[in-house]
Amino acid sequence: MEPTTKTETLDIEGMTCASCASAIEKSLSRAPGVQSAMVNFATEKATVHYLPGQASPASLKEAVVNAGYGVMERAPDTSAAERSAEIDRQKALAYQKLKRRFWVATVLAIIIMPLSMLMLWPALMARVNMPVLNYALLLLTLPVLAYSGREFYVSAWNGFKHRSANMDTLIAVGTGAAFLYSLAATVVPGFFTSRGLVPEVYYDTTATIIALILLGKVLELRAKTQTSAAMRSLIGLQAKTARVVRPNGEEVDVPIEQVQLGDIVVVRPGEKVATDGRITEGQSSLDEAMLTGESLPVTKKAGDPVFGATLNKTGSFRFEVTKVGSDTMLSQIVKLVEDAQGSRAPIQRLADKVSSIFVPTVVVISILTFVLWFDLAPVDTRLPLALVNFVAVLIIACPCALGLATPTAIMVSTGKGAEHGVLIRNAEALEKAYQVNTVLLDKTGTITRGEPAVTDFLAPSLAGVAQDGPRLLQLVAAVERQSEHPLAEAVVRHADAQGGDKLMATGFRAVEGKGATATVGGQAVFIGNRRLLADEGITLSPELTAQAEQLLSQAKTVLYVAVAGQAVALLGVADTVRDTSVAAIKELQALGIEVVMMTGDNPQTAAQVAGQVGITRYFAEVLPAEKAGKVKALQAEGRIVAMVGDGINDAPALAQADIGLAIGSGTDVAMEAAGITLMRSDLHGVVTAIELSRQTIRTIKQNLFFAFIYNTLGIPVAAGLLYPFFGILLSPMLAAAAMALSSVSVLTNSLRLRSFSVKR
Amino acid sequence: MDTTAIIVTIVGLGLAAFVLWYFFFSPRQTASAVSSSSGVQEVDITVKGGYSPDVIEVERGKPVRLSFYRDEENSCSEELLMPDFSIRRDLPAFKTTLVELLPEKAGTFPFTCGMGMLRGSLVVK
Numbered sequence: 000m001e002p003t004t005k006t007e008t009l010d011i012e013g014m015t016c017a018s019c020a021s022a023i024e025k026s027l028s029r030a031p032g033v034q035s036a037m038v039n040f041a042t043e044k045a046t047v048h049y050l051p052g053q054a055s056p057a058s059l060k061e062a063v064v065n066a067g068y069g070v071m072e073r074a075p076d077t078s079a080a081e082r083s084a085e086i087d088r089q090k091a092l093a094y095q096k097l098k099r100r101f102w103v104a105t106v107l108a109i110i111i112m113p114l115s116m117l118m119l120w121p122a123l124m125a126r127v128n129m130p131v132l133n134y135a136l137l138l139l140t141l142p143v144l145a146y147s148g149r150e151f152y153v154s155a156w157n158g159f160k161h162r163s164a165n166m167d168t169l170i171a172v173g174t175g176a177a178f179l180y181s182l183a184a185t186v187v188p189g190f191f192t193s194r195g196l197v198p199e200v201y202y203d204t205t206a207t208i209i210a211l212i213l214l215g216k217v218l219e220l221r222a223k224t225q226t227s228a229a230m231r232s233l234i235g236l237q238a239k240t241a242r243v244v245r246p247n248g249e250e251v252d253v254p255i256e257q258v259q260l261g262d263i264v265v266v267r268p269g270e271k272v273a274t275d276g277r278i279t280e281g282q283s284s285l286d287e288a289m290l291t292g293e294s295l296p297v298t299k300k301a302g303d304p305v306f307g308a309t310l311n312k313t314g315s316f317r318f319e320v321t322k323v324g325s326d327t328m329l330s331q332i333v334k335l336v337e338d339a340q341g342s343r344a345p346i347q348r349l350a351d352k353v354s355s356i357f358v359p360t361v362v363v364i365s366i367l368t369f370v371l372w373f374d375l376a377p378v379d380t381r382l383p384l385a386l387v388n389f390v391a392v393l394i395i396a397c398p399c400a401l402g403l404a405t406p407t408a409i410m411v412s413t414g415k416g417a418e419h420g421v422l423i424r425n426a427e428a429l430e431k432a433y434q435v436n437t438v439l440l441d442k443t444g445t446i447t448r449g450e451p452a453v454t455d456f457l458a459p460s461l462a463g464v465a466q467d468g469p470r471l472l473q474l475v476a477a478v479e480r481q482s483e484h485p486l487a488e489a490v491v492r493h494a495d496a497q498g499g500d501k502l503m504a505t506g507f508r509a510v511e512g513k514g515a516t517a518t519v520g521g522q523a524v525f526i527g528n529r530r531l532l533a534d535e536g537i538t539l540s541p542e543l544t545a546q547a548e549q550l551l552s553q554a555k556t557v558l559y560v561a562v563a564g565q566a567v568a569l570l571g572v573a574d575t576v577r578d579t580s581v582a583a584i585k586e587l588q589a590l591g592i593e594v595v596m597m598t599g600d601n602p603q604t605a606a607q608v609a610g611q612v613g614i615t616r617y618f619a620e621v622l623p624a625e626k627a628g629k630v631k632a633l634q635a636e637g638r639i640v641a642m643v644g645d646g647i648n649d650a651p652a653l654a655q656a657d658i659g660l661a662i663g664s665g666t667d668v669a670m671e672a673a674g675i676t677l678m679r680s681d682l683h684g685v686v687t688a689i690e691l692s693r694q695t696i697r698t699i700k701q702n703l704f705f706a707f708i709y710n711t712l713g714i715p716v717a718a719g720l721l722y723p724f725f726g727i728l729l730s731p732m733l734a735a736a737a738m739a740l741s742s743v744s745v746l747t748n749s750l751r752l753r754s755f756s757v758k759r
Numbered sequence: 000m001d002t003t004a005i006i007v008t009i010v011g012l013g014l015a016a017f018v019l020w021y022f023f024f025s026p027r028q029t030a031s032a033v034s035s036s037s038g039v040q041e042v043d044i045t046v047k048g049g050y051s052p053d054v055i056e057v058e059r060g061k062p063v064r065l066s067f068y069r070d071e072e073n074s075c076s077e078e079l080l081m082p083d084f085s086i087r088r089d090l091p092a093f094k095t096t097l098v099e100l101l102p103e104k105a106g107t108f109p110f111t112c113g114m115g116m117l118r119g120s121l122v123v124k
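Protein chains in written order, with numbering that gives the first Met the number 0: chain A, 0 to 759; chain B, 0 to 124.
Treat the hints with caution; some may be incorrect.
Listed next, the in silico DSBU-like pairs over lysine-lysine satisfying Cα-Cα at most 35 Å (straight line) [unchecked claim]:
(1) A:K629 / B:K104
(2) B:K104 / A:K631
(3) A:K322 / A:K96
(4) B:K94 / A:K322
(5) A:K322 / B:K104
(6) A:K90 / B:K47
(7) B:K104 / A:K98
(8) B:K124 / A:K352
(9) B:K94 / A:K334
(10) A:K98 / B:K61
(11) B:K94 / A:K25
(12) A:K334 / B:K104
(13) B:K104 / A:K352
(14) B:K47 / A:K60
(15) B:K94 / A:K271
(16) A:K631 / B:K94
(17) A:K96 / B:K94
(18) A:K334 / B:K61
(19) A:K98 / A:K322
(20) B:K104 / B:K61
(21) A:K60 / A:K334
(22) A:K334 / A:K631
It is worth saying that the hints were derived from the structure and are not from the lab. The model shown is predicted, which means the values in this text are computed figures rather than measured ones.
Using the sequences and the accompanying hints, generate a full structural model.
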């Protein structure tokens, strides 16, 4: 086996030429333990393969320094926040520059325009020397081309070298042709007059096109930064520092990057939680709206997880750091939204195909336009007509509108979703959610809380025990507090919620499969199922028996309580329906979606819950393995099914469904299988997701329709198709205005999604 | 039709044919990834009015690291899209941006600029 080598990438400083690269390469290769070294001059990086035993990043750095160059210390992994800050800075600079170019072009175009229109006043024209005027216009136009429009020509040329063509190609060829023609008419007018042509100039056209296109670009850039606003604010949520408790008890503010797993962090009221962790002491209520969309603060105590970027409201607490950097919930959300924004929507496929061939095709159309006009127009006007229409075709064509139609809408909507605690995995998920006509809900943990809760406490005759109801409940709670059974937890929660003095239990004993017993206040207390009481020889009164029957018929679990050898009370325990379920299901139905429930419970329980929340169709007694099958059954009816579930059991069903929605911050498995993850544990998220998808896809369709129609109508009109019938020709300047507005319209339409809100 | 018109027609049609050939049918610059010993396939790509190289061959199942160096300020190339890998990345001007991915399926996967004008493809073998 060959010895394992490690690879290290170094950022080299101070390289000025390609030979520097080879000098560093040589120095690195000679260093002990180095197997190979490759230095890239363009990227300023050295990639070194070395044997870990004989060389280290430090020794490699030394080799570079020995060669006379430096190694830039790289941040371990530049965080999303840093990256976005750098990009924002560059974008702000680019925007400033663009605005300057726009203003230069605009001011000059405003001067050039009236000067070019002097011929409208023949009296004035007679006094002006034509050649001098043309030279003056040339001088005014040159800065527009060389400064304001320079980027178009550079970009077009760079693209040409790569055999690729973009929007700049169209602008460069269009304005370039108009300018060169004018230049010839200015410098050698004799060439034109000798052939019976008027040496016309198009400086106004050239300058105005550039000014208008730049205007479009300024507006576009401004709108574009808004498409990712939600994403940027998400990244901006990250805390900058954390107050870490040192082993000696000292509290120190440290930069967030230096916080390590296991550190204890203090959070005071009104402060942001620095990173993810688990509360070790103290309690508080936290505002988690930024992550989950839940507007009500959540109460947390020792042992509960807290998440970075959430806001501490009332109390102060300490927590142990369990996740840092890219593992935190916030980073995961940012990553998910980033991924979604990079994904491609199937709806976009046609637009993608078209835009990949768009520019060269338009260039060909413009050439054919030129040829046709030249061949068919009267001889004395054929050249200017051919030129003007050639330019108009090039300028009006707008691949941008096509290219922007889908991604901008997806960007706004995925960001908006995250704001509402709806994480969309990719554009395809959004498109699928739009088509959904059936929502299949897994009952447990979705419609219901997924944990048992006491619904009934019945103590019909307390005679002979001399207990009042609340005290009896505390007796029971005292026993259950020592038990670890989930039902016991429900009883304790219920008793705590009712209040009252806590009692102490002694001699606790769990009876497996039956219940538990202990002595409280000198009395033996039994709580468990019927068998527990039967084993103890305790009989039920007819009244209790009847009440137990009733609870059982409501599909509740019944706990029997006996005190001092006498059965005295019943507790009904059931999984309770979430407060929000009824309203959310109603909203879904109002959207025209059929809501179907599925549960492992017996038909009786299923019917009861379904009735309670207003669902008419349900599947009962569904085994976990059969869940995916039920999804398939619905799909076989021709339905587009959204499956909403929470657990690992649901993963196959979530994957089988046309779109899976994982509810709650869910397990990783469910998040993987789900197209959409709902951060908040209630069904309103499903409504939000579907409404958001509908609005988004509608917006995309409008955008695509507009972009296609604009180009398919605009190009023929610019080519002069209407001329033979109506005598209408499109001025290249109007074409430029139309083109500048078209991409901005698409962007503005996408930005309308920012006002998305859920009507409650 | 006079001689000038005939010349214009011939030149125009020739130019149109050239444009079609040049942008759609001419051979492209292809590069295969260099595999480092740690198994990462690395490719440096310069972004300047296009991607060079613009056809990148990599092997299936091994991680790929693409270094995009954007050698221009032109806004056309400021975004990089690799939809098949759910990647949308801003490329800062005159900086190298690393893009890491794991090609699991064989096939040709396009990458483009934000508006789909500049194009390249990742060929997974």
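**Prompt:** Okay, which hints does this one fail, numbers in order?
**Reply:** Hints 3, 7, 10, 16 and 19 are the ones this structure does not satisfy, whereas the remaining hints hold.
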